[in-house]
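Asker: Next come the chains, spelled out residue by residue.
2 protein chains.
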Amino acid sequence: MSLAMQQKIEIAADKPYPVYLGSSLEGLGEYLRHQFDDIEHILIVSHQVVADLYAQRLMKGLQDYRINLLIVPAGEEEKSLDRLSRLTAEALGHGTDRKSLVIALGGGVIGDLAGFFASIFMRGIRLIQVPTTLLAQVDSSIGGKVAVNHSAGKNILGAFYPPQAVWTDFSTLESLPWEEVENGLAESIKHALIADGDLFQFFENEQKPIKHRDCLIWSEMVTRSSLVKIRIVSQDEREQGIRALLNLGHSFGHAIETEMDYRGITHGQGVSVGIVAAAHLAFAKGLMTSAEVDRVIALLNSYGLLTKIKGLDSQNLLHKMQADKKNQGGRKILILPQGIGQALVTKECSDSEILAAWKQVLF
Amino acid sequence: MSLAMQQKIEIAADKPYPVYLGSSLEGLGEYLRHQFDDIEHILIVSHQVVADLYAQRLMKGLQDYRINLLIVPAGEEEKSLDRLSRLTAEALGHGTDRKSLVIALGGGVIGDLAGFFASIFMRGIRLIQVPTTLLAQVDSSIGGKVAVNHSAGKNILGAFYPPQAVWTDFSTLESLPWEEVENGLAESIKHALIADGDLFQFFENEQKPIKHRDCLIWSEMVTRSSLVKIRIVSQDEREQGIRALLNLGHSFGHAIETEMDYRGITHGQGVSVGIVAAAHLAFAKGLMTSAEVDRVIALLNSYGLLTKIKGLDSQNLLHKMQADKKNQGGRKILILPQGIGQALVTKECSDSEILAAWKQVLF
Numbered sequence: 001m002s003l004a005m006q007q008k009i010e011i012a013a014d015k016p017y018p019v020y021l022g023s024s025l026e027g028l029g030e031y032l033r034h035q036f037d038d039i040e041h042i043l044i045v046s047h048q049v050v051a052d053l054y055a056q057r058l059m060k061g062l063q064d065y066r067i068n069l070l071i072v073p074a075g076e077e078e079k080s081l082d083r084l085s086r087l088t089a090e091a092l093g094h095g096t097d098r099k100s101l102v103i104a105l106g107g108g109v110i111g112d113l114a115g116f117f118a119s120i121f122m123r124g125i126r127l128i129q130v131p132t133t134l135l136a137q138v139d140s141s142i143g144g145k146v147a148v149n150h151s152a153g154k155n156i157l158g159a160f161y162p163p164q165a166v167w168t169d170f171s172t173l174e175s176l177p178w179e180e181v182e183n184g185l186a187e188s189i190k191h192a193l194i195a196d197g198d199l200f201q202f203f204e205n206e207q208k209p210i211k212h213r214d215c216l217i218w219s220e221m222v223t224r225s226s227l228v229k230i231r232i233v234s235q236d237e238r239e240q241g242i243r244a245l246l247n248l249g250h251s252f253g254h255a256i257e258t259e260m261d262y263r264g265i266t267h268g269q270g271v272s273v274g275i276v277a278a279a280h281l282a283f284a285k286g287l288m289t290s291a292e293v294d295r296v297i298a299l300l301n302s303y304g305l306l307t308k309i310k311g312l313d314s315q316n317l318l319h320k321m322q323a324d325k326k327n328q329g330g331r332k333i334l335i336l337p338q339g340i341g342q343a344l345v346t347k348e349c350s351d352s353e354i355l356a357a358w359k360q361v362l363f
Numbered sequence: 001m002s003l004a005m006q007q008k009i010e011i012a013a014d015k016p017y018p019v020y021l022g023s024s025l026e027g028l029g030e031y032l033r034h035q036f037d038d039i040e041h042i043l044i045v046s047h048q049v050v051a052d053l054y055a056q057r058l059m060k061g062l063q064d065y066r067i068n069l070l071i072v073p074a075g076e077e078e079k080s081l082d083r084l085s086r087l088t089a090e091a092l093g094h095g096t097d098r099k100s101l102v103i104a105l106g107g108g109v110i111g112d113l114a115g116f117f118a119s120i121f122m123r124g125i126r127l128i129q130v131p132t133t134l135l136a137q138v139d140s141s142i143g144g145k146v147a148v149n150h151s152a153g154k155n156i157l158g159a160f161y162p163p164q165a166v167w168t169d170f171s172t173l174e175s176l177p178w179e180e181v182e183n184g185l186a187e188s189i190k191h192a193l194i195a196d197g198d199l200f201q202f203f204e205n206e207q208k209p210i211k212h213r214d215c216l217i218w219s220e221m222v223t224r225s226s227l228v229k230i231r232i233v234s235q236d237e238r239e240q241g242i243r244a245l246l247n248l249g250h251s252f253g254h255a256i257e258t259e260m261d262y263r264g265i266t267h268g269q270g271v272s273v274g275i276v277a278a279a280h281l282a283f284a285k286g287l288m289t290s291a292e293v294d295r296v297i298a299l300l301n302s303y304g305l306l307t308k309i310k311g312l313d314s315q316n317l318l319h320k321m322q323a324d325k326k327n328q329g330g331r332k333i334l335i336l337p338q339g340i341g342q343a344l345v346t347k348e349c350s351d352s353e354i355l356a357a358w359k360q361v362l363f
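From first to last, the protein sequence lines are chains H and Y. Sequential numbering from 1 applies to the first sequence in full-length UniProt numbering. Sequential numbering from 1 applies to the second sequence in full-length UniProt numbering.
Isolated chain H (complex conformation) (with noise of 0.2 Å):
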């Protein structure tokens, strides 16, 4: 995958920030060389099994800094205020200042914890994204937005904070497990969904070469579906409007995630049913066709993704949606698709109306 050419796309925001897209591990020393001149010290936080892989190339560029590298056990449970709090014991016993630069290097955990943690820390230290994953280079490396969860709800403390940069580089996709690809390629077609019905049915049609991770359609994959998510967060970096379409999914979503307690499900297949709820309660309202509804069960079937959960009791799972941040006033705030490429926010769903939908991905 190291045929990409890097390109540059900058994001819109109250400071924005590029998103290098194909760029190498390696390169980034030189970036930052070039970027900053008051770097001495470098914080990279990552997990052990993304290190193993990955941190030899990416201090390669880094030889003129002191490094430290934080290791975190892996698993969303560690996004949690208690691994903070480590964190930052570890780094301050490193030596860790208002200059010194985190490096986020790994999947949506690594980019929320280690975000976060750079947003807080000192009231703020600089960061740059490295994601490895196919869910964080599309998704959660872009846009911002920081956070660890609490046993009342995920993502419940947070922070919007624009890295200086984030470095995407494709190559990390090639040795990713499947189920790691799964969580990605959920957001992609939510991504597709909601805002790109070509890139729909790029996944549609291009399913052969994307399951055997063809070099070029993966380029082209991650690069069609980071740009719908940089183009929504650059048109509304504070999710006062436009950008809550990315939460599609996701309120249901997480209602699994949270009533599993995060075992035995991934972020992606929680998202996958959670789409499919929400076509499902798209098609009550009228918002979408049957045929409509088939073709989101069908692609993301077609990719190993979970559209139906068993054992679940869909009155906790309503119960559970009480928590999500988009609620107002009491009243659940849902995203719904409206056929495929188009979406839009609504309050206009009754707890019974939502209960039905969930009865169609439960069994």
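Be aware that a few hints might be false.
[Said to hold, decoys possible] Simulated coverage check for chain H against chain Y, where a stretch passes if three residues somewhere in it have a Cβ under 8 Å from a Cβ of chain Y: (1) 97 to 104; (2) 122 to 130; (3) 140 to 151; (4) 213 to 224; (5) 273 to 280; (6) 328 to 337.
[Claimed, not checked] Going by beta-carbon spacing under 10 Å, a handful of chain H positions derived as facing chain Y: (7) Asp14; (8) Asn155; (9) Leu157; (10) Glu239.
These are calculated hints, taken from the structure and not from any lab test. Positions of the beta carbon are idealized from the N, C-alpha and C atoms, including for glycine.
For this one, chain H is given, so just place chain Y on it according to the hints.
Answerer: Chain Y only, in chain H's frame:
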């Protein structure tokens, strides 16, 4: 103190916000109704003692809103991630959402804790600071700094989070315990020392009416002292330059507080000793005459503020200064007075010079 007229002063910042000096607790509700049309729910965060005194007066104006009062136990040790986690659970239990408003009703601890909570809850909800102590009114409520402590250092995790407004009612100072008055006086005298020689003289000349809480003199003292802070943070919201001067005495003071585990020492007393240590260091560096150092010590003494402290070890204190957020690349950054009414930032103090300054304030 109700004679004071309300003054509105705008703070220049990324997001400018007003400071209302001499307003009334009862009047906040009318202000909110006038300024915001989408607030339904308000979370008041306070201490029991403060709430007993002022919550009724505040709520008199807030009858249009759904209100929850969250009580936090008193003490600097409550500025913690643990307390933040509990506040989060309580807030969710009360149906707090992105449209909710947080009112921080209290002193510096409440302002920092409730402010940081508001800054990260669901990635940031609106905040009004209602400072009820002298320290909070002249200093901590102004400028948007919020934080919690970590066992490894004070205010290590936090944010720059401008409130919607600062709402200051001088009448809350009438019942303030003298120990709390001292906390504020230490910061007020610091403001005078770094930026307003006339205000320093005011403190020298008006000792009697200040100690007797003369209402007009106090209004003048709070207003003039707040204006120093407002002027400085308006020039440098993010502490890239001049704002650092406000930390005069705090590198030393925080070291004392941390070393004593925040027990048996108030913040004001720590800062007061810290100001004296900084003055001795300034003398050693040729920035102050010994007569000026004596004036500083005499003024602090005259208000019952500590100028020496017993039973601490200078090496331990020096070590504690390493966690100071201002430090860069392992060098200690210090603020030193330059005569009376000016100050500067320097990294040109060696550990042995700092040790010598410590020894002057230890016995």
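Asker: All hints, please: hold or fail.
Answerer: Evaluated hints:
no.	hint	in the structure
1	97 to 104	holds (count 3)
2	122 to 130	holds (count 3)
3	140 to 151	holds (count 4)
4	213 to 224	violated (count 0)
5	273 to 280	violated (count 0)
6	328 to 337	holds (count 3)
7	Asp14	holds, 8 Å
8	Asn155	holds, 8 Å
9	Leu157	holds, 5 Å
10	Glu239	holds, 8 Å
Taken one by one, the earlier hints fail for this structure at numbers 4 and 5, listed in ascending order.
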